[in-house]
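Chains as they are written, first to last, in the working numbering: chain A, 210 to 455; chain B, 434 to 530.
Simulated from the structure, these hints should not be mistaken for laboratory data.
From the three backbone atoms N, C-alpha and C, an ideal C-beta is built for every residue, glycine too.
Be aware that one or more of the hints could be misleading.
Distance ranges between label pairs, derived from CB positions [said to hold, decoys possible]:
#  : chain 1 : residue 1 : chain 2 : residue 2 : range
1  : B       : Leu471    : A       : Gly334    : 21 to 31 Å
2  : A       : Leu252    : B       : Asn457    : 19 to 29 Å
3  : A       : Glu267    : B       : Pro491    : 49 to 59 Å
4  : B       : Ser492    : A       : Glu286    : 48 to 58 Å
5  : B       : Leu471    : A       : Thr363    : 19 to 29 Å
6  : B       : Thr494    : A       : Met210    : 51 to 61 Å
7  : B       : Pro491    : A       : Thr363    : 25 to 35 Å
8  : A       : Asp356    : B       : Pro491    : 14 to 24 Å
9  : B       : Pro518    : A       : Thr235    : 44 to 54 Å
10 : B       : Thr494    : A       : Thr363    : 28 to 38 Å
Given next are the chains, with one letter for each unit.
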Amino acid sequence: MNALAAYTLRLGDDALILSQRLGEWTGSAPELEEDIALTNIALDLLGQARMLLTYAGEVDGNGRTEDDLAYLRDEREFTNCQLVELPNDDFAATIARQLMFSAYQYELYAALQHSADETLAGIAGKAVKEVAYHRDHARQWVLRLGDGTDESHTRMQQGLERMWPYAHELLEDDGVIQELKGVAIDPGELRPSYDFVLGVLAEATLSRPEIDWHPSGGRQGMHTEHMGRLLAEMQHIHRSHAGASW
Amino acid sequence: MTDDRREWPLWEVFIRSRRGLAHNHVGSLHAPDAPTALRNARDVYTRRQEGVSIWVVPSTTITASSPDEKDSFFEPAADKVYRHPTFYDLPAGVQHL
Chain A
210 MNALAAYTLR
220 LGDDALILSQ
230 RLGEWTGSAP
240 ELEEDIALTN
250 IALDLLGQAR
260 MLLTYAGEVD
270 GNGRTEDDLA
280 YLRDEREFTN
290 CQLVELPNDD
300 FAATIARQLM
310 FSAYQYELYA
320 ALQHSADETL
330 AGIAGKAVKE
340 VAYHRDHARQ
350 WVLRLGDGTD
360 ESHTRMQQGL
370 ERMWPYAHEL
380 LEDDGVIQEL
390 KGVAIDPGEL
400 RPSYDFVLGV
410 LAEATLSRPE
420 IDWHPSGGRQ
430 GMHTEHMGRL
440 LAEMQHIHRS
450 HAGASW
Chain B
434 MTDDRREWPL
444 WEVFIRSRRG
454 LAHNHVGSLH
464 APDAPTALRN
474 ARDVYTRRQE
484 GVSIWVVPST
494 TITASSPDEK
504 DSFFEPAADK
514 VYRHPTFYDL
524 PAGVQHL
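Let the hints inform the model, and build the full structure from the sequences given.
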């Protein structure tokens, strides 16, 4: 797979897998209104995933459609970061992930709008407006939970500690990015996303987790134990009833 | 009332549609504060492009007329047809009146 296809695919996989995770909140978020908010965000991400996977299939040149890529690849072929596949855990942990991931995705798409690749630039231009809302949604919750009651503060801090190590992978550099100068975004440009998260934590009276270890490998197809189960749920209908439609 | 302590307050939502001139009442929702109410309203009531502007108002600040007062409030208007401008002959050619 060429670098452009690989890069587009990993962005699409991030959006697809997080969409699947957020969809699990359907019917079980703390409030009806929040239920709808999270699933709206999941649908935004699914829309991004569809555009990115379709484009990845085109530039890969093997005739694979978005459905082929979403439903017919196995775990080791998915190149999403591990952060997005982690279980939702506590609502506060979901929100911690939303803060870190949407801060990252916001800077990514904002920069990618000026990519030399016109299709990626177009997708980013549409998506950045959606992600601006996702980031604001997460920020509002982190502020309320962090600077809320003792209970909400404790659980927000715990959620943050749970997700924190996995955010490191978002800003990793590798050969695929280096090969796509002017097209892909250098992780150095995404540094403001980290500063944004730190700013929200300070405002929410939360502390930056003192955790030094950080997992890695999602971009190479190495995933956590949770990924297989997620894929099974996402793919089994399509695989059991190939070509079915409704 | 102790059970209600954990319930978020109720807000009334008004949306101005793309072509509309006025904000219309579309429903209500629960939210802990005004900024969250606005965002919840965005998610619940505008995800199918229903609007371009949102108002949220705490339900408790609305003073409503009482069903008991229905007769004295609204009945007297029922037989005053002369308050409707329906007694004019329209010139031919006027189409949008």
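Name the hints, by number, that the structure is in violation of.
Going through the list in order, the structure violates no hint and respects every one.
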